[in-house]
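Residue numbers (my numbering), protein chains in the order written: chain A, 1 to 361; chain B, 1 to 287.
Quick caveat, the hints were computed from the structure, so don't treat them as lab data.
There's no promise every hint is true.
Here are the simulated lysine to any residue pairs, SDA-like style, with alpha carbons at most 25 Å apart [unchecked claim]:
| id | chain 1 | residue 1 | chain 2 | residue 2 |
| --- | --- | --- | --- | --- |
| 1 | A | 89 | A | 131 |
| 2 | A | 267 | A | 323 |
| 3 | B | 198 | A | 180 |
| 4 | A | 57 | A | 73 |
| 5 | A | 116 | B | 227 |
| 6 | A | 127 | A | 109 |
| 7 | A | 116 | A | 25 |
| 8 | A | 48 | B | 225 |
| 9 | A | 267 | B | 227 |
| 10 | A | 127 | B | 279 |
| 11 | A | 50 | B | 119 |
| 12 | B | 255 | A | 123 |
| 13 | B | 198 | B | 173 |
| 14 | B | 255 | A | 36 |
| 15 | B | 255 | B | 185 |
| 16 | B | 89 | A | 275 |
| 17 | A | 89 | B | 11 |
| 18 | A | 48 | A | 218 |
| 19 | B | 279 | A | 21 |
| 20 | A | 89 | B | 196 |
| 21 | B | 89 | A | 59 |
| 22 | B | 89 | B | 38 |
| 23 | A | 267 | B | 119 |
| 24 | A | 116 | A | 180 |
| 25 | A | 267 | B | 32 |
| 26 | A | 267 | B | 34 |
| 27 | A | 116 | B | 210 |
| 28 | A | 57 | A | 86 |
| 29 | A | 267 | B | 46 |
| 30 | B | 198 | A | 57 |
| 31 | A | 57 | B | 225 |
| 32 | A | 267 | B | 210 |
| 33 | A | 267 | B | 260 |
| 34 | A | 12 | A | 25 |
| 35 | A | 48 | B | 228 |
| 36 | A | 267 | B | 56 |
| 37 | A | 89 | B | 227 |
None of the values given here were measured: they were computed from a predicted structure.
Residue-level listing of the chains:
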Amino acid sequence: MNPGQQIWMIAKLELGRVFFSRRSFWVYLLAIFPTVIFLGHALDFSLKAKQWGGDRKTSAEALNQVQTGMTDEKVLQLLGKPINDSIRKRRIRRDQDPAAEKQPEVRRFMMYFDGKRRVDLRFEDGKLVSRNMRLLMNFEEDRKVYAGMFQFFYLRLGIFFGCLGIFINLFRGEMLDRSLHFWFLAPVKREVLLLGKYLAGLIAAALIFGTGALFSFLAMVLPQDASEVQTFWQTIGLEHAFWYVAAAMLGCVGYGSIFLAAGLLLKNPIIPAIVMLLWEGINGFLPGVLQKLSVLHYLQSLCPVPAPLPNDMPAVMKMLLAPAAPSSVPLAVLGLLALTVLVLLAAMQAARRLEINYGTE
Amino acid sequence: MAVYRRGYQRYTEGLTSHATRMMVMPRFTWEALLSQKFVLILLVVSMFWPLLCAGYIYLANHSELWQGLGGGFKKYFSINGDFFAIFMKAQSVYALILASVAGPGLIAPDLANNALPLYFSRPLTRGDYILSRMIVLLGLLSLVTIVPGMLLFAMQAGIAGGDWFWKHWYLGAAIFVGFTLYIVTVSLVAMTSSAYVKWRVVAGALVLAFFFLLAGAAEMVNSVFRVEWASTFNPGYALGAVWAEMLDIEIPDDKPGAFECAVFLIALSGGLLALLARKLRAVEVVK
Numbered sequence: 001m002n003p004g005q006q007i008w009m010i011a012k013l014e015l016g017r018v019f020f021s022r023r024s025f026w027v028y029l030l031a032i033f034p035t036v037i038f039l040g041h042a043l044d045f046s047l048k049a050k051q052w053g054g055d056r057k058t059s060a061e062a063l064n065q066v067q068t069g070m071t072d073e074k075v076l077q078l079l080g081k082p083i084n085d086s087i088r089k090r091r092i093r094r095d096q097d098p099a100a101e102k103q104p105e106v107r108r109f110m111m112y113f114d115g116k117r118r119v120d121l122r123f124e125d126g127k128l129v130s131r132n133m134r135l136l137m138n139f140e141e142d143r144k145v146y147a148g149m150f151q152f153f154y155l156r157l158g159i160f161f162g163c164l165g166i167f168i169n170l171f172r173g174e175m176l177d178r179s180l181h182f183w184f185l186a187p188v189k190r191e192v193l194l195l196g197k198y199l200a201g202l203i204a205a206a207l208i209f210g211t212g213a214l215f216s217f218l219a220m221v222l223p224q225d226a227s228e229v230q231t232f233w234q235t236i237g238l239e240h241a242f243w244y245v246a247a248a249m250l251g252c253v254g255y256g257s258i259f260l261a262a263g264l265l266l267k268n269p270i271i272p273a274i275v276m277l278l279w280e281g282i283n284g285f286l287p288g289v290l291q292k293l294s295v296l297h298y299l300q301s302l303c304p305v306p307a308p309l310p311n312d313m314p315a316v317m318k319m320l321l322a323p324a325a326p327s328s329v330p331l332a333v334l335g336l337l338a339l340t341v342l343v344l345l346a347a348m349q350a351a352r353r354l355e356i357n358y359g360t361e
Numbered sequence: 001m002a003v004y005r006r007g008y009q010r011y012t013e014g015l016t017s018h019a020t021r022m023m024v025m026p027r028f029t030w031e032a033l034l035s036q037k038f039v040l041i042l043l044v045v046s047m048f049w050p051l052l053c054a055g056y057i058y059l060a061n062h063s064e065l066w067q068g069l070g071g072g073f074k075k076y077f078s079i080n081g082d083f084f085a086i087f088m089k090a091q092s093v094y095a096l097i098l099a100s101v102a103g104p105g106l107i108a109p110d111l112a113n114n115a116l117p118l119y120f121s122r123p124l125t126r127g128d129y130i131l132s133r134m135i136v137l138l139g140l141l142s143l144v145t146i147v148p149g150m151l152l153f154a155m156q157a158g159i160a161g162g163d164w165f166w167k168h169w170y171l172g173a174a175i176f177v178g179f180t181l182y183i184v185t186v187s188l189v190a191m192t193s194s195a196y197v198k199w200r201v202v203a204g205a206l207v208l209a210f211f212f213l214l215a216g217a218a219e220m221v222n223s224v225f226r227v228e229w230a231s232t233f234n235p236g237y238a239l240g241a242v243w244a245e246m247l248d249i250e251i252p253d254d255k256p257g258a259f260e261c262a263v264f265l266i267a268l269s270g271g272l273l274a275l276l277a278r279k280l281r282a283v284e285v286v287k
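Construct the entire structure; sequences and hints are all you get.
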């Protein structure tokens, strides 16, 4: 049997364990979670449209007449009863000027719906200070939300922890189960064994997270307005879907190799996982050169829509944030693959020197 | 005489005090934990931020040092709830990392080696066992949370004087109670992971994943549904909201308030305790 056949044979043996082990179920949950949330969003849209429509709807013309500075009484006269109406008194803080206690500030929030748009009105001391209008189902906005979800949740957390679970299990798990020596007794080179196990983990992770990315993308697109969806598929839709799936799969390639090597090189692979989680977390704040020393930079370069910044990010953080210019697509793919090869070579070295001592585990 | 022929009788001599018995496990575990290089490194690194904060307190209380910079700088040098909230958030990251390293080894080995009957055959209840395991984390995590926090508060009170202390005593109470709440939550997560996951490595990853994934999932629900209520289910946010209430700093109107967050934290802790109690039994009937 040549090494290629041996690698495939090991991968086939490992695949069942990776796909169907009880320990892998939470990985499926991670992959499917965004799809569930976007399906929930579609359901929420249809329920709200039904609940807020009919008698509770306000005409768009009347809503357009509302101007900042109007009193809450005047707005109620003009628009009628809102769908939501809440009043909050500002709490006087201990450090605040005592004079402020004499005139407590009252904030009032009203919400109207005109059949398509949701309008949030905010009053302070009886005067309208802000009017926020947005479509209940907004494809453009949803695509940005998806981009944010994909880059902040799916890549940084979902695929990260999913790969941590799958790839660390391949060697470290067998050591803890005291079954690695069976593999080492087989007449195969350690490098071949490592590649076979890596291939099994990669196939499983790429399939699980690639499918998860595709399903969540479809769950975001399909409930939108039919004409918009058709135009989207005819123009950039397929390309976007492809790059999201590719980024998810390449994430598994990069993170997978690192966690496989960590499981071999270190007794406690949680330490490199923590370091990597922090490194990837502060990635945007690092100088450009250092940003390129992370898996996330290359994955983000492949994403078709840049992720929006979180709304509640403090101004100082926004000032410090300096994302490096995205790498070109060939460079991003090659960069990731080169990193993977280097890490796998280091892992092969470690596998060659590995001596089993179950007693210390 | 052969061992099986030997007769045994109940130990009738005096017992050590309850508190002494409870402290046996923490004593040995602390020794083992402090011999780990990574734990020591983390403890040292976690002192940098409190040192910086101490420098800041010194500067804030010595206006003559920055007089040349103009009066506008005064607002940047005030020691209030916001200052301590930032300090607490930074230190809580170190505490979480420490818990993910130290926590998984607390219960998992006892379960894996069937050691629970040995503990429970001694004058130690399940509650005592859980509490003594929690004391291990309480002691370790308070080194990076409560201790530096209270030292900073004492430093500020010492420099600023009695007036400041009487006006701001609630900040000290908030640091103590807030961090205690944090440690209890993190400890329960770490201990439950340790009890349910046989492997220390996986249990450690689970502690991190619990906090990071719940935070990510809550933010995802918020952004997809355009709501803010999901933040309640982010343990980091929930603890921050409770701290904010105690430190008397404002929470944005549209975000969940401290009450909802406190209810979630109580429910979470109760659920984790129930899971722990279910797992920790002296005997197990396998059908």
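When the structure is checked against the list of hints, which entries are broken? Sort them ascending. 2, 7, 9, 10, 11, 13, 17, 20, 21, 23, 24, 27, 30, 33 and 36
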